[in-house]
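So the protein lines, in turn, are chains A and B. Just so you know, we're using my numbering here: the first sequence kicks off at 190 and counts up by one. Just so you know, we're using my numbering here: the second sequence kicks off at 70 and counts up by one.
Calculated directly from the structure, the hints in this document are not laboratory data. Certain hints may be false.
[As the list claims (entries may be wrong)] Below 20 Å or equal to it, Euclidean Cα-Cα: the simulated PhoX-like pairs (lysine-lysine) are:
| hint | chain 1 | residue 1 | chain 2 | residue 2 |
| --- | --- | --- | --- | --- |
| 1 | A | LYS252 | B | LYS431 |
| 2 | A | LYS252 | B | LYS365 |
| 3 | B | LYS431 | A | LYS253 |
| 4 | A | LYS322 | A | LYS336 |
| 5 | B | LYS409 | B | LYS104 |
| 6 | B | LYS313 | B | LYS302 |
| 7 | A | LYS252 | A | LYS336 |
[Unchecked claim] What follows is a set of in silico ranges between Cβ atoms, one per label pair, in the way DEER data are often shown:
| hint | chain 1 | residue 1 | chain 2 | residue 2 | range |
| --- | --- | --- | --- | --- | --- |
| 8 | B | VAL436 | A | PRO369 | 25 to 33 Å |
| 9 | B | VAL436 | A | ASN304 | 43 to 51 Å |
| 10 | B | ARG252 | A | GLY256 | 37 to 45 Å |
| 11 | A | ASN254 | B | PRO281 | 18 to 26 Å |
| 12 | B | GLU237 | A | GLY256 | 29 to 37 Å |
| 13 | B | GLY260 | A | ILE325 | 45 to 53 Å |
| 14 | B | LYS431 | A | ASN254 | 40 to 48 Å |
| 15 | B | PHE423 | A | PRO369 | 16 to 24 Å |
[Stated by the list, open to error] Sample of chain A residues facing chain B (criterion: CB under 10 Å; computed from the structure):
| hint | residue |
| --- | --- |
| 16 | ASP216 |
| 17 | VAL259 |
| 18 | PHE263 |
| 19 | ALA266 |
| 20 | GLY275 |
| 21 | ILE325 |
| 22 | LEU344 |
| 23 | ASN364 |
| 24 | THR365 |
| 25 | PRO369 |
| 26 | PHE373 |
| 27 | LYS379 |
| 28 | ILE384 |
| 29 | LEU392 |
| 30 | LEU398 |
| 31 | ARG403 |
None of these values were measured; they are calculated from a predicted model. A virtual CB, placed ideally from N, CA and C, is assigned to each residue, including glycine.
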Amino acid sequence: MKTNTFSPPRHQVRQEFLTKKLFYLRDLKKRTYGFLLFFVPLVSWWFMVSPVLAYPDFQAFIKKNSGRSVDCAFCHANSNGPEGNGPGQIGSLTPEEFDRLNFARGAFDPGRNVNSPILNAFGNRVIRELGKKKFIEIKNHPADLAKALDPKVDLDGDGIPDVQEFLDGTHPLKNTDGDPGRLFLANFLKNHTQILLLLFATLFTLYGLNNLLRGFARFFEAEDGEGGR
Amino acid sequence: MTKLKGNDFIEKVRTEIDQRLPLDMLNLGDLMAHKEVPKHRMSWAYYLGGFTLFFFIVQVVTGLMLLFYYKPTVSEAHASVEYITHQVSAGALVRNMHTWASSLMILSILIHLITTFAMKAFEKPRELTWVTGVALLLITFTFGFTGYLLPWNQIAVNATKIGLQTIEQVGHYLPGDLATWPRHLREIIQGEASVGQSTLSRFYAIHVVVLPFLIFGLLGVHLLVVQLHGMSKGVDEPAKGQEKFFPFFILKDFSAWGIAFLALFLFALCLPFESFFPYPLFEPYDALGSTPEGIKPEWYFFFMYYPLELLPFWLVMLGVNGAMVVLLFAPWIFKGSSRKTLRFLAVLAALYLFVMTVFGDKIYHLVKGVGG
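Next up, chain A with everything else stripped away, as it sits in the complex:
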């Protein structure tokens, strides 16, 4: 028995397939737009209201490694961290600063010209040099930050590289803060001419004073002698 089957011509099948695909693609496009229209504001809103992490893992590492206590101002613009309404905190940012903040948040690769308003120069340097992706990877091994950064850069110009300051628990942007031994040596080498000049000035002053006082003493002795006669 023969089965009566209707098979449409090949070109018709192809046409139907393409039409379906087109509809599917149009639908996908709609769904994507819908997704974007719904989720982009949601994600943006979440970014705006969610607590901004100040990565306390680094703070804990610095304290453990150096014995010195540090605060959020090590990397952030405000010593109380990024949350709040104070200067350098989320609550006080202008729209332009928000743009810079969001740009920094999306800087996953190194080399982006990051200038986040909630970070200080050192914090921005870290994100610029490593990128957000590597920075988040390092978070679980904070000691690796010292290996990942350029060992020569010294933002405060105190003679101690930022990497060393990170390990010592001293501020990389304050030139009066540094390991006392290292700071003494660096400043001594930087100011050796002034020190040498002062040494000579003191020696010459003492030499002059010595002669002056001996001269006075002779004068008094001579006067005593005359008085005695």
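With chain A held as given, fit chain B onto it using these hints.
Just chain B now, with coordinates in the frame of chain A:
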């Protein structure tokens, strides 16, 4: 009869005063020509008073320089100190010299006091020299306490709060109406409910006007009596010889000042005092922010601070006040004591100060760790 007794008493008082303050001997030419310094194994101690005077002169000069830029208001004090450190030409150097010299002045005054005690240099007729010296030590400590607040940073304000609370706490151990006196004293010093603008203004006035007046007056008396009585014998055995004060001793004294100046300059130029502390302690004081870790008074109060953290308050206060009374009346309390006994006591006191200052923190953690 009574009249005669009265005259005798007045005569006796006059003789006692004349012995201690022989103003008739005040002759600069005579002092320069005849004053001598004994030579013996403790001769080095004669330079300590000079060191203290040198650091005081540095304090006056650098303090005047800082006065040109410092602004004593809670909103500007910290910023003005930052301005001095980072913007003013040689500002960091001058500020560091002021900070280092304050510590070195206290260090030299403490060693001077201990060696003077060990040498029994307070013996009659030098009681006035001793008493003015002790008063100068107290004034210097007050200089340190009031000056600590002026930069208006976290450690300054919080440490001052603790210091003022300690004064009030004394009242809990006093009887009757006396119990309220320490609170009144604290209120007078503080000037308002908490450490604020009034406190800063008062500390500033005390630091730059009141204390300098007092110290200049007392230092004048102290130096005058030192010159009138000359150098004390210092040791029991006979001196190896005598050295003329002018010009030989004074030349050595000036040379020592030269070395001290070089050392001070080197430290001030190369080693900011702040580098010994974590940086959050030097951030501007924030009444609403969290208090950073490691709030402590200056190192020269550690001898009192760590015992206060470890022992009952009344016990430490009793000890400190008792020690102050003994120190002030030392010429009369230790009148009959031998130099050997005094040396032993001086070594004990020096050891206590050294251990508490250098190892106080370790002892505190050790005791608290064991206790916890």
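Each hint tested on the structure:
1. A:LYS252 / B:LYS431: 17 Å, holds
2. A:LYS252 / B:LYS365: 18 Å, holds
3. B:LYS431 / A:LYS253: 17 Å, holds
4. A:LYS322 / A:LYS336: Holds. LYS322 (chain A) to LYS336 (chain A) sits at ~16 Å (cutoff 20 Å).
5. B:LYS409 / B:LYS104: 27 Å, violated
6. B:LYS313 / B:LYS302: Holds, because 15 Å separates the two Cα atoms, which is no more than 20 Å.
7. A:LYS252 / A:LYS336: 18 Å, holds
8. B:VAL436 / A:PRO369: 25 to 33 Å: 27 Å, holds
9. B:VAL436 / A:ASN304: 43 to 51 Å: 49 Å, holds
10. B:ARG252 / A:GLY256: 37 to 45 Å: At roughly 38 Å between Cβ atoms, GLY256 (chain A) and ARG252 (chain B) fall inside 37 to 45 Å, so the hint holds.
11. A:ASN254 / B:PRO281: 18 to 26 Å: 45 Å, violated
12. B:GLU237 / A:GLY256: 29 to 37 Å: 33 Å, holds
13. B:GLY260 / A:ILE325: 45 to 53 Å: At roughly 50 Å between Cβ atoms, ILE325 (chain A) and GLY260 (chain B) fall inside 45 to 53 Å, so the hint holds.
14. B:LYS431 / A:ASN254: 40 to 48 Å: Since LYS431 (chain B) and ASN254 (chain A) have Cβ atoms about 20 Å apart, the given range 40 to 48 Å is violated.
15. B:PHE423 / A:PRO369: 16 to 24 Å: 20 Å, holds
16. ASP216: Not OK, violated: ASP216 (chain A) not within 10 Å of chain B, min 55 Å.
17. VAL259: With Cβ-Cβ at 7 Å, under 10 Å, it holds.
18. PHE263: Since chain B brings a Cβ to about 8 Å from PHE263 (chain A), closer than 10 Å, the hint holds.
19. ALA266: ALA266 (chain A) check fails; min Cβ-Cβ to chain B is 13 Å, beyond 10 Å.
20. GLY275: Since the shortest Cβ distance to chain B is 9 Å, the answer is holds.
21. ILE325: Because about 25 Å separates ILE325 (chain A) from the closest Cβ in chain B, which is outside the 10 Å limit, the hint is violated.
22. LEU344: Interface hint status for LEU344 (chain A): violated (14 Å vs cutoff 10 Å).
23. ASN364: This interface hint holds because 8 Å falls under the 10 Å limit.
24. THR365: 4 Å, holds
25. PRO369: The hint holds - PRO369 (chain A) has a Cβ within 10 Å of chain B, the shortest such distance being about 5 Å.
26. PHE373: 5 Å, holds
27. LYS379: 8 Å, holds
28. ILE384: 6 Å, holds
29. LEU392: Constraint on LEU392 (chain A) satisfied, holds at 8 Å.
30. LEU398: With Cβ-Cβ at 6 Å, under 10 Å, it holds.
31. ARG403: 6 Å, holds
The structure fails hints 5, 11, 14, 16, 19, 21, 22 (numbered hints given earlier, in ascending order).
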